[in-house]
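Colleague: Those protein sequence lines, which keep their order, are chains A and B. Mapped onto the numbering used here, the consecutive letters of the first sequence carry residue numbers 17 to 265. Mapped onto the numbering used here, the consecutive letters of the second sequence carry residue numbers 84 to 230.
Derived by calculation from the structure, the hints in this document are not laboratory data. Note that beta-carbon positions come from the ideal geometry of N, C-alpha and C, so glycine has one too. Please note: incorrect hints may appear among the correct ones.
As the list claims (entries may be wrong) - A short, non-exhaustive set of chain A residues, derived as facing chain B with CB atoms under 10 Å: (1) 105; (2) 112; (3) 113; (4) 169.
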Amino acid sequence: MTSVTAPVRAPARVPVFEARPSAPSGQLVMVAIPALNEEHSIGDVIHDVRLQGFECVVVDDGSSDRTGRVARRAGAVVLRHLVPLGQGAALQTAIDWSLGNGADVIVTFDADGQHRATDIQQLLDALKRHDVDFALGSRFLGSTVGLSRNRRLLLKAAVRFTRLTTGMDVTDTHNGLRAMTKRGAACIHLQHDSMAHASEILHQIAKSRLHWVEVPVTIEYNEYTVGKGQSSVGFVAILVDLLMAGLQR
Amino acid sequence: MIGQAVLTMPLAAVLIYGWLQFKRSWVGISISVVALAALYFVWVPAGAAVTADTLQLGTRYDLLAYFFVVLLLLVELNVHQKDRQQRQVFTKVIRRMAITGRGTMPGTSTADDVAVRPLELMESEFDAPTPDPRRLVTQHAGVNDTE
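Excised from the complex, chain B in its bound form:
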């Protein structure tokens, strides 16, 4: 009973995690389904034994171990997808900065100077409205708040 309780806690957590990720992709649903099945096998050992026998996966303990491995892989996949989405946002920001000419150091004469700048400066510039490229093609978009 203690073992079952100990296994139930992480499985329940993964089940909820998977449900919360449901909107991201089918991976979230898969996590929930596999976690639910694992919970069933934890609490119904006879069912686990029959399933393991049917699938020829050794004992019910082997079956549970396999389910945990699959769960780990699915969670890893989900994390990878989240990371991918974050990178897409990051890419959009960097690309927008390049197009609006914010990939350069202020006051420098060439566009290829190292562009390490304080984050707060970049953020304040980012709040500014996007200039119309057609109006800016022949001049620098000089913005001076003192004027």
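So that you can see chain A by itself, here it is in the shape it has in the complex:
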């Protein structure tokens, strides 16, 4: 009788993570960082965040450089998209994974180093103090370093558009620094893969009828972050993207 050897399937490698509370309240705070080709900044970003005592989950959005490796060495849990999908998709991946791993609070944070890790605690404090589900960072309530006049005008226009379409009296729409409780995060289901997700999150917050608050934060622009950021054409693309989604049933 011929013996048949069963095929051996290579083990799937699920990102290793040992949950431990990272806030004085005993809550598990997970900082979600979408990253695409950020090998030069991601290490410092993770270092700063971990220095504040928070866990990081980095979604490497199909980077062609060593972003994932640098992030892992810096101590983050790394998930990887096989191909670049966009920041919105990467954020949703991080949110889903964090919820699945027992996160009580999820903080979204940009990988290019424009945010200050020290602002995270302010967002968490605001969540608790105001008993809300979302704490949204606002550079216009806080401060900016190196924000150009054109970009300021574009951001202001985006704020007006968002106020008009969501009814939310926000002062900043495209700020990647926000914190949400797990109840809030469960209401976020991003369909926009691209940068339009920032507007989409606000729409979904408005739709969820959960409470939110804005918190002053600082954003630092430098040559690197401006180079990685959106162009003016990018804002037009966001508008077109939102419009197209609106046409879909």
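For this one, chain A is given, so just place chain B on it according to the hints.
Modeller: What follows is chain B alone, placed relative to chain A:
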């Protein structure tokens, strides 16, 4: 008559196409309505002339040309929406693979190794039940069929 027949064929095709797309969005209905109107103008030249005159769009030939342009744009819009829906499905697949740890090469030690893998392997893994993340947080989900 020959010209009318020649114009009717593509317009009828677009009319049916629009009707079949009706469930996707209002674009499908718009395609059908515009195609129907274009068919009317092809077969009732007098009506086309009156409409063109009323709308101040030149002659009835100009009017027909405008309708064809609008039809093309609507069909293009519909294709764009279809593409968008396909991308959403694609995104879901890639995201699920990332969460279940399938964004890595088998046997590699880091999660950032290049993840170009045979499609059949990915598909066979995809059939496996989704692991419970809470049970997997502290260990690798090693699956060995020989055990």
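Colleague: Okay, which hints does this one fail, numbers in order?
Modeller: Those not satisfied come down to hint 4.
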